[in-house]
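Protein chains in written order, with UniProt numbering: chain A, 1 to 151; chain B, 1 to 151; chain C, 1 to 151; chain D, 1 to 151; chain E, 1 to 151; chain F, 1 to 151; chain G, 1 to 151; chain H, 1 to 151; chain I, 1 to 151; chain J, 1 to 151.
Treat the hints loosely; a few may be bogus.
Simulated crosslink set (SDA-like; lysine to any residue; CA at most 25 Å straight-line) [to be verified]:
| hint | chain 1 | residue 1 | chain 2 | residue 2 |
| --- | --- | --- | --- | --- |
| 1 | C | K74 | C | V51 |
| 2 | D | K74 | E | P140 |
| 3 | G | K74 | J | T52 |
| 4 | A | K74 | A | A104 |
| 5 | J | K74 | I | P50 |
| 6 | I | K74 | F | T52 |
| 7 | H | K74 | J | A135 |
| 8 | J | K74 | H | G53 |
| 9 | E | K74 | D | A15 |
Among the chain A residues that face chain F by a calculated CB cut under 7 Å, a handful are [as the list claims (entries may be wrong)]:
| hint | residue |
| --- | --- |
| 10 | P43 |
| 11 | W109 |
| 12 | G151 |
Output of the computed footprint for chain F on chain I, the stretches with three or more beta carbons under 8 Å from beta carbons of chain F [claimed, not checked]:
| hint | segment |
| --- | --- |
| 13 | 35 to 47 |
| 14 | 138 to 150 |
Calculated from the structure, these hints are not laboratory results. A quick note: this is a predicted structure, and the numbers were derived from the prediction, not measured. Think of the CB as a built atom: it goes at the ideal place given N, C-alpha and C, for glycine as much as any other residue.
There are 10 protein chains.
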Amino acid sequence: MTGEELTQLGRSVQAPASPDEAVLERVPNGNPDLDFLARFTCPEFTALCPVTGQPDFAHLVIDYVPDRWLVESKSLKLYLAAFRNEGCFHEDTTLRIARRIVAAVAPRWLRIGGYWYPRGGIPIDVFWQSGPPPAGLWLPDQGVPPYRGRG
Amino acid sequence: MTGEELTQLGRSVQAPASPDEAVLERVPNGNPDLDFLARFTCPEFTALCPVTGQPDFAHLVIDYVPDRWLVESKSLKLYLAAFRNEGCFHEDTTLRIARRIVAAVAPRWLRIGGYWYPRGGIPIDVFWQSGPPPAGLWLPDQGVPPYRGRG
Amino acid sequence: MTGEELTQLGRSVQAPASPDEAVLERVPNGNPDLDFLARFTCPEFTALCPVTGQPDFAHLVIDYVPDRWLVESKSLKLYLAAFRNEGCFHEDTTLRIARRIVAAVAPRWLRIGGYWYPRGGIPIDVFWQSGPPPAGLWLPDQGVPPYRGRG
Amino acid sequence: MTGEELTQLGRSVQAPASPDEAVLERVPNGNPDLDFLARFTCPEFTALCPVTGQPDFAHLVIDYVPDRWLVESKSLKLYLAAFRNEGCFHEDTTLRIARRIVAAVAPRWLRIGGYWYPRGGIPIDVFWQSGPPPAGLWLPDQGVPPYRGRG
Amino acid sequence: MTGEELTQLGRSVQAPASPDEAVLERVPNGNPDLDFLARFTCPEFTALCPVTGQPDFAHLVIDYVPDRWLVESKSLKLYLAAFRNEGCFHEDTTLRIARRIVAAVAPRWLRIGGYWYPRGGIPIDVFWQSGPPPAGLWLPDQGVPPYRGRG
Amino acid sequence: MTGEELTQLGRSVQAPASPDEAVLERVPNGNPDLDFLARFTCPEFTALCPVTGQPDFAHLVIDYVPDRWLVESKSLKLYLAAFRNEGCFHEDTTLRIARRIVAAVAPRWLRIGGYWYPRGGIPIDVFWQSGPPPAGLWLPDQGVPPYRGRG
Amino acid sequence: MTGEELTQLGRSVQAPASPDEAVLERVPNGNPDLDFLARFTCPEFTALCPVTGQPDFAHLVIDYVPDRWLVESKSLKLYLAAFRNEGCFHEDTTLRIARRIVAAVAPRWLRIGGYWYPRGGIPIDVFWQSGPPPAGLWLPDQGVPPYRGRG
Amino acid sequence: MTGEELTQLGRSVQAPASPDEAVLERVPNGNPDLDFLARFTCPEFTALCPVTGQPDFAHLVIDYVPDRWLVESKSLKLYLAAFRNEGCFHEDTTLRIARRIVAAVAPRWLRIGGYWYPRGGIPIDVFWQSGPPPAGLWLPDQGVPPYRGRG
Amino acid sequence: MTGEELTQLGRSVQAPASPDEAVLERVPNGNPDLDFLARFTCPEFTALCPVTGQPDFAHLVIDYVPDRWLVESKSLKLYLAAFRNEGCFHEDTTLRIARRIVAAVAPRWLRIGGYWYPRGGIPIDVFWQSGPPPAGLWLPDQGVPPYRGRG
Amino acid sequence: MTGEELTQLGRSVQAPASPDEAVLERVPNGNPDLDFLARFTCPEFTALCPVTGQPDFAHLVIDYVPDRWLVESKSLKLYLAAFRNEGCFHEDTTLRIARRIVAAVAPRWLRIGGYWYPRGGIPIDVFWQSGPPPAGLWLPDQGVPPYRGRG
Ligand SMILES: [Ca+2]
Ligand SMILES: [Ca+2]
Ligand SMILES: [Ca+2]
Ligand SMILES: [Ca+2]
Ligand SMILES: [Ca+2]
Ligand SMILES: [Ca+2]
Ligand SMILES: [Ca+2]
Ligand SMILES: [Ca+2]
Ligand SMILES: [Ca+2]
Ligand SMILES: [Ca+2]
Ligand SMILES: [Ca+2]
Ligand SMILES: [Ca+2]
Ligand SMILES: [Ca+2]
Ligand SMILES: [Ca+2]
Ligand SMILES: [Ca+2]
Ligand SMILES: [Ca+2]
């Protein structure tokens with residue numbers, strides 16, 4: 001399983017300065033005859049609020065059905081880390097990540113759940129999928145517990 | 001992403017005296033090409049019982065699919081806070097909030113779950129959606145745990 | 001929102017001596033244009049075993065879609081409390097409560113979950129709904145945890 | 001609600017020596033006009049491994065839709081207890097119990113979940129239902145938590 | 001292990017009409033050389049509010065260190081069931097049960113936790129022990145989860 | 001069990017306009033010979049931020065050992081509800097409630113846990129007790145789960 | 001690490017017919033210079049009620065500090081399995097197991113928690129330790145969740 | 001229930017040196033007239049990273065509907081244990097196991113969930129099923145909790 | 001309650017560029033006569049690995065007993081956010097934060113729990129307190145769940 | 001913070017062939033003036049059964065109070081991974097790891113919890129500490145949930 005032009009896997013790589021500069025790499029899917037789901041859970045996401053400049057945090061879960069390519073996971077990690085100094089809104093950020101992965105690996109299907117930490121007492125979750133799931137796909141709940149407040 | 005006539009975002013705003021006086025504002029949806037779900041979780045809701053004048057409490061979860069507009073979240077917070085001195089019944093209050101958001105942002109779809117604290121040992125939950133969810137929408141459970149009593 | 005002949009709401013009322021003597025009251029549904037679900041959670045239900053006369057306990061959850069009437073919740077509480085000295089079987093009791101509410105408020109749809117405390121090591125749960133749920137209704141899981149035994 | 005030839009209910013009964021000797025009794029269903037689900041949770045099941053003679057344990061959950069008859073629960077308890085000295089495999093035992101109940105009460109529908117304690121680090125669960133559930137039946141998850149190992 | 005004058009064990013017994021009429025029986029402690037703890041968990045307790053006559057519910061946990069006698073558990077069950085039509089306050093009821101058991105079996109030590117269902121949104125828990133636990137006794141937490149409200 | 005000058009119990013009472021105007025009443029302790037703990041759990045507390053005027057929410061748990069008096073629970077509920085339009089800081093409010101109850105019933109011992117909903121991503125909890133617990137008192141954990149954020 | 005006269009380890013062994021016939025074996029403690037705790041968790045225990053002959057079930061947790069000998073775990077399993085056709089009371093059974101292990105391996109210290117499945121709605125737990133724990137021992141909670149009933 | 005050429009069941013068997021050398025055995029399905037689901041939960045899986053040679057860990061859950069054959073569970077355990085020194089990627093390993101079982105027992109249907117321990121902060125889950133589940137099959141959630149990070 | 005030289009509270013403030021540049025402010029303790037505990041829960045902490053430059057994440061809980069001063073919470077938030085581009089080790093960072101707060105407000109006592117997200121499969125937690133807790137202080141567990149891996 | 005002769009940190013290192021060949025390295029403790037606790041959680045531990053050669057699994061938690069040295073975490077990971085082909089008993093392995101760390105970094109205090117996956121239905125946990133914890137140390141529970149079996 002070798003990617004086309006892997007530049008980051010197995011090397012010490014500088015963190016990219018922004019999501020646009022990050023290189024989201026791919027490796028060939030060794031099982032293209034199967035419709036399977038891969039899930040990435042990313043509990044360590046942070047970006048900046050575009051209005052106040054204060055840090056925002058989220059727990060992200062990304063589900064996709066690979067076609068010809070798999071997402072190379074180290075490059076995904078670096079891509080997500082590149083939002084560290086990027087300002088954008090919760091809805092936009094969540095969808096932007098989804099669009100970028102779709103562009104990079106052209107999956108048969110993808111969905112993203114963005115579970116944002118509360119601001120002003122009210123957290124926002126954002127859920128999107130690229131279309132109806134492929135027929136016959138097995139697609140478990142993401143199962144992230146709801147926000148609870150206290151008590 | 002700029003709202004049409006935002007009067008509250010980024011300013012110190014007086015809490016509105018009642019829900020009707022509150023201004024529920026909106027900002028343009030930057031991703032109108034996508035059917036995505038946004039979820040607000042509001043664990044800090046309180047109103048008054050119209051019969052006894054005693055405070056009532058609820059945990060609210062609002063899911064919607066934006067069309068041209070997003071709900072501006074600070075104005076949502078102020079709108080919900082404006083129920084603090086408003087008297088109304090559990091079923092009515094839950095549905096009233098839903099109707100108001102529908103009126104304000106004309107979403108493609110919306111649902112609300114109102115999880116009320118028990119009175120007389122028996123809590124009431126209220127669940128409503130504006131119609132069948134859009135085809136192809138990803139719509140996770142709200143996942144709020146059931147009321148348990150003790151033990 | 002006023003009931004037709006409310007005799008119990010806002011007054012100090014004698015507990016009815018049996019379910020048949022209890023008056024299950026109703027108030028007009030202020031939102032008859034909407035198909036919404038109301039859920040009552042009743043963790044404090046007790047009746048008597050018709051064979052041994054020993055007390056039985058249950059956790060009940062009632063979901064319904066109001067048509068013209070809402071269940072008046074204080075009268076529901078008194079109705080359920082009236083089973084205190086009534087002997088009947090788990091399956092019968094659960095369904096009897098459902099039939100009574102259906103008769104009282106003629107809902108568009110109703111379901112009841114009766115989660116009975118174990119006798120002889122084996123608890124019984126009883127689940128019934130009045131028909132397929134109305135199209136487009138949002139109907140969350142009752143989510144009551146399964147019986148566990150020990151450990 | 002009286003069974004046809006109840007021989008065990010309300011009496012002190014000898015535990016049957018084997019499942020085949022146990023008498024699984026029934027009582028008339030007092031609500032034959034309704035499609036309802038009854039769930040038995042049996043956390044105290046034990047049998048013997050047919051190869052080693054060592055004890056096996058399981059947590060069983062049985063869901064059924066009665067037709068003319070209900071399962072008499074004390075006789076169910078005695079029937080299950082009769083497996084105590086019976087040797088059989090996990091898959092076979094689970095299905096054998098289901099077949100026996102189907103034969104005894106001819107339900108409209110039945111399913112059984114057998115959640116077996118681990119042997120060799122790998123527990124087996126067995127799930128079977130007698131056919132697609134009746135249309136319009138309300139059928140909640142059994143909700144038994146997955147096996148976890150440690151940590 | 002035989003009690004002195006057991007009148008209820010292994011017989012079909014009428015439920016006593018009040019706690020004072022109930023007979024709390026005892027059996028000899030077969031292990032008087034050991035300081036051990038026995039815990040009864042009683043999730044099915046109900047009494048009446050002395051002011052309103054409405055039913056109250058509680059989850060009770062009783063821990064004791066037997067001296068010469070064990071509490072006979074069937075008589076305990078009947079004693080607790082006899083509160084069904086008894087009116088008294090949460091604090092008083094919890095302590096009354098403790099005093100009665102102390103009087104009946106003269107344990108080396110006893111404690112009771114009364115976890116009452118909420119009234120007016122605020123549940124009361126009552127905790128009492130008869131003195132400092134005997135030295136060297138193993139005394140685990142009762143571990144009852146705190147009241148949570150909703151969300 | 002009668003209070004000295006109960007003015008609110010069993011009557012329909014106007015909600016007091018502020019904590020200072022609220023009357024925290026007491027009833028005689030019927031078990032003054034025992035050191036027992038009474039716990040009130042109050043998941044429905046709200047006050048105002050003295051700086052912004054925005055609503056604050058908390059889950060409060062109050063443990064005390066009565067001496068001659070019990071806290072009358074309806075008056076406690078009204079007293080806490082009277083903070084609804086009161087502005088004060090988290091630390092101050094929590095301690096003020098404790099001081100008031102101490103003044104009203106002179107308990108042998110008291111502690112309060114104030115679990116405040118997060119502001120700015122960082123919730124504050126406040127814990128105070130009036131001194132070391134009485135020797136021989138049984139004092140279980142309050143057991144409120146820690147704040148979790150998301151994921 | 002070899003036992004003195006191991007007759008069961010690594011062989012196919014007949015299940016002993018009773019606890020008294022079972023052989024509880026031991027192996028030398030390879031770390032006699034250290035005070036450490038070993039915990040066995042036994043969720044698969046069953047015996048018979050001496051009065052009714054019906055099966056009883058328990059979840060057992062055994063903690064001990066070895067001196068010269070370790071409990072050989074296969075023989076422990078066979079010993080516990082030998083209670084399958086033994087009649088005895090909850091308190092007695094729990095303590096009998098503890099006494100037997102103490103006799104077999106003469107540990108520096110031992111405790112046992114017996115968490116019995118409910119009979120008549122009220123489960124019994126039995127807790128015993130052989131004396132105060134050795135100074136400097138690390139002794140975590142057994143952490144078994146309390147019995148919950150339903151809901 | 002006898003397999004065709006069982007070489008491992010009931011014997012002491014050398015662990016196979018690699019998955020390809022392992023023999024995945026089968027026994028006749030004694031209930032071929034029924035569409036039932038068997039679930040294996042394997043919390044003890046480990047393999048090697050093909051790039052770094054470091055160990056990887058996973059929790060695996062395998063669901064299948066037997067046709068003529070059951071998976072012989074001891075041989076499954078040995079087959080899975082044979083990955084201990086095998087290097088391969090998360091996606092490939094999960095699917096390879098599924099393909100092997102399909103080849104061995106030709107089930108009517110199969111699915112596998114591979115829940116891998118995190119690397120670089122981001123765990124990968126892999127989900128595949130061999131096609132749409134058989135009509136009328138009962139197929140519960142695997143219910144494995146999502147990865148949480150900390151807090 | 002006014003701080004001495006508050007420069008950040010109630011204003012829009014630039015995020016400080018590093019922890020050393022951040023100003024940790026204080027306000028007078030309005031209850032200096034009481035030994036109470038204040039707990040800050042900070043689930044949104046991030047810093048950089050000093051070796052690789054990759055982001056690290058932690059969940060922090062800080063408990064302290066104020067003396068003359070309270071920590072001003074907005075300045076705490078800004079101080080913690082200033083670690084965003086700071087490289088340091090888990091142990092050092094956790095202790096550095098504790099030392100800084102001690103220096104700023106000279107509390108009677110302080111402790112910090114740093115719960116770091118896993119690196120290499122093994123998370124590190126760091127726990128420190130400034131000395132034995134003040135006598136008579138009430139000091140609940142931080143109760144953060146342990147790291148679990150998968151399954 | 002530099003170790004004395006670090007040979008593995010920041011390099012690609014061959015996994016050591018056995019625990020004895022592994023090099024457990026150390027780095028200077030930058031905070032020797034403080035008694036703090038560092039906790040490593042290791043959910044990915046595996047070794048071999050010395051009798052059968054079958055794999056064993058454990059979840060390990062190691063708490064220590066550094067003196068002059070910290071455990072270098074990458075070398076700890078490699079050391080633990082080196083047990084992969086090592087045969088030893090649960091009690092011995094757990095204590096051997098503890099002794100090795102004590103030898104390597106001479107901590108002020110250390111404890112280890114070994115939570116082993118079940119064999120024969122009965123898991124073993126092993127707990128040891130090097131002596132009474134240092135006075136004034138803050139030492140939270142490890143909080144690992146108890147083994148549950150099924151249901
Ligand atoms: Ca699901
Ligand atoms: Ca809440
Ligand atoms: Ca309960
Ligand atoms: Ca659901
Ligand atoms: Ca169990
Ligand atoms: Ca479900
Ligand atoms: Ca695990
Ligand atoms: Ca404890
Ligand atoms: Ca505790
Ligand atoms: Ca998280
Ligand atoms: Ca503990
Ligand atoms: Ca309940
Ligand atoms: Ca977190
Ligand atoms: Ca504690
Ligand atoms: Ca603790
Ligand atoms: Ca169980």
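### Task
Output the numbers, in ascending order, of every earlier hint that fails for this structure.
Checked against the structure, the hints that fail are numbers 1, 2, 7, 11, while the rest are satisfied.
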